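Asker: Given chain L's structure and the hints, the job is docking chain Z onto it.
In the order they appear, the protein sequences are chains L and Z.
Residues in the first sequence are numbered consecutively from 1, following the working numbering.
Residues in the second sequence are numbered consecutively from 1, following the working numbering.
The hints are simulated quantities; they were obtained by calculation from the structure and are not laboratory data.
If you're wondering where the values come from, they're calculated on a predicted model, not measured in any experiment.
We put the beta carbon where it would ideally sit given N, CA and C, even for glycine.
Check the hints yourself; a few may be wrong.
To be verified - Here's a subset of chain L near chain Z, in silico, CB distances under 10 Å, partners left out:
no.: 1; residue: G218
no.: 2; residue: A219
no.: 3; residue: Y261
What the hints assert, rightly or not - Every beta carbon over 12 Å from chain L, so not counted as near; a handful from chain Z, in silico:
no.: 4; residue: D11
no.: 5; residue: L23
no.: 6; residue: H26
no.: 7; residue: S28
no.: 8; residue: R40
no.: 9; residue: E55
no.: 10; residue: K95
no.: 11; residue: V98
no.: 12; residue: T102
no.: 13; residue: D107
no.: 14; residue: G108
no.: 15; residue: F117
no.: 16; residue: L133
no.: 17; residue: A222
no.: 18; residue: A236
no.: 19; residue: R253
There are 2 protein chains.
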Amino acid sequence: MSQWIVDVMGDGFGQATQVDDLLYDHQSPYQRVQVAASARFGRMLVLDDAVQTTERDEYVYHEMLVHVPLVSHPAPRRILIIGGGDGGTLEEALKHPVQSVTMVEIDGEVVEVSRRFLPGISGGAFDDPRTRLRIEDGVAFVRATTERFDAILVDSTDPKGPGIALFSEEFYRACAGILTPSGVLAAQSGSPLHQRSLMEGISRHLSAVFPIVAPYWGAVPAYPGTLWSFTFASAATDPRPSPDEVFRRISSRGLGPLRYYSPGAHHAAFALPSVP
Amino acid sequence: MSQWIVDVMGDGFGQATQVDDLLYDHQSPYQRVQVAASARFGRMLVLDDAVQTTERDEYVYHEMLVHVPLVSHPAPRRILIIGGGDGGTLEEALKHPVQSVTMVEIDGEVVEVSRRFLPGISGGAFDDPRTRLRIEDGVAFVRATTERFDAILVDSTDPKGPGIALFSEEFYRACAGILTPSGVLAAQSGSPLHQRSLMEGISRHLSAVFPIVAPYWGAVPAYPGTLWSFTFASAATDPRPSPDEVFRRISSRGLGPLRYYSPGAHHAAFALPSVP
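Okay, chain L solo, but in the shape it has when bound (with noise of 0.2 Å):
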């Protein structure tokens, strides 16, 4: 079996990549949730038809959905994960010395379709002894919580299905009455390329609550355009440590091993490219 799965962006563009497998699929209470493998990226995780992450290039959307957030903040230790059910971003925040790391995803479906197909995504995280995996809405956990982290990652889908309401001025809110003085968060907001009216909106309502707020971006090759957008916000918290200091965070709380990130992949993230 050979064929192709498209990702279709809204603007008559698309990024097709040849699976020769289809491992999983299934109609989750949530969303269609399936595994293939390909030559190109390995395997797969494909939730409503939009590649989420793979094998291959997992390393480049979790490594900077965490470390660009949790190097700023000086000593993240209380954790927060909105979504990201496969595991990569827990894997990756439970790389800093910290207390705990909440992770609230709605569908469990994910979770145990990731640990079973997608095992070194998460590489152990889901049986470390700091994670607290909760399978709810994660929007209402954030509502409902008296707890106080330093640090809210939104690992979220594309704006539609359970992600929807992750992007809203009213989620973004909530989040800031939860983060502690200097807490920092950072949201995965699109392609700059194919979805920029997403990012910027998603810009405009973390400045509505947010005194510091700053888009970044890496290469992801399994996302439709490769370059894939990152927003940072904070209250208090400046995103760009100087180089020599990121070096200095990397070093000191043991991080790695680290494959996209380092101190000049930190600021030169913050560099978009002008594209149209």
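Answerer: Frame of chain L, contents of chain Z only:
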């Protein structure tokens, strides 16, 4: 009419752009020449099913192929372009205070079609008195000419059809022989994601001839995977003058308007993202 143009790479990866109209479609003596109209990228020049350039994003490719090497050179006066039939490289080169730009394109039909359907890409450059257009084989020209050039810009197609000889060590050696002592060369060198072996082969062949070889990149959304590589080569000229010196040269040469290239972009381009 609505259909998709699909750029398939050899590694099970493709990029698709929806087109609304096919304005030109003809087999020249060298290749299939098409012009298509798309909502995403405007009009597109397509050669042998590979997108070459588009109205919307041509400036990224052309600014990076031209200004990185020409700004690296302290005073480029005589320029040679191999290929580049659409005229975008010519237009950018003429922004420098050059004496002449010799452009050797094998396929006159590409020049004619580009001038007719994509006049904004060359912007009158074909009518500049400093332009010397020759419709002939670039490899034969380089081998035979007694002229000497300060810069050679290799603006080729993929290594198939008429472009294949432009990727050989023999061709690069002939180029080295017609460069002035501080002369510089830059070549488009394929996708760093999906044509890695091509890009590495170009670096290897150039390194057999030139002591200074440095790949760099730009973000061209119409190309498969967006990230695109170029490779700089020289016997004596460093491709990384300081950002202040880059700024001084941009200013003193009156370059502009520029939309992608800048002192920051020049330097960032030499840091290729660490992606698989």
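Asker: With reference to the structure, classify each hint as holding or not holding.
Answerer: Results of checking the hints against the structure:
1. G218: For L:G218, the interface hint holds, since the closest Cβ of chain Z sits about 7 Å away, which is under 10 Å.
2. A219: 4 Å, holds
3. Y261: Holds, about 9 Å.
4. D11: 5 Å, violated
5. L23: Since the minimum Cβ distance to chain L is about 16 Å, Z:L23 lies beyond 12 Å and the statement holds.
6. H26: The assertion about Z:H26 holds, with a minimum of 24 Å to chain L.
7. S28: 27 Å, holds
8. R40: The claim is violated: Z:R40 sits with its nearest Cβ about 4 Å from chain L, within 12 Å.
9. E55: For Z:E55, whose nearest Cβ neighbour in chain L is about 10 Å away, the distance does not exceed 12 Å, so it is violated.
10. K95: Fine: 17 Å to the nearest Cβ keeps Z:K95 off the interface.
11. V98: Non-interface label stands for Z:V98: nearest chain L Cβ at 25 Å, farther than 12 Å.
12. T102: 30 Å, holds
13. D107: 27 Å, holds
14. G108: Z:G108 is indeed farther than 12 Å from all Cβ atoms of chain L, at 30 Å.
15. F117: 19 Å, holds
16. L133: Correct as stated: the minimum Cβ-Cβ distance to chain L is 28 Å, above 12 Å.
17. A222: 9 Å, violated
18. A236: 27 Å, holds
19. R253: 20 Å, holds
Hint compliance for this structure: hints 4, 8, 9, 17 are broken, all remaining hints hold.
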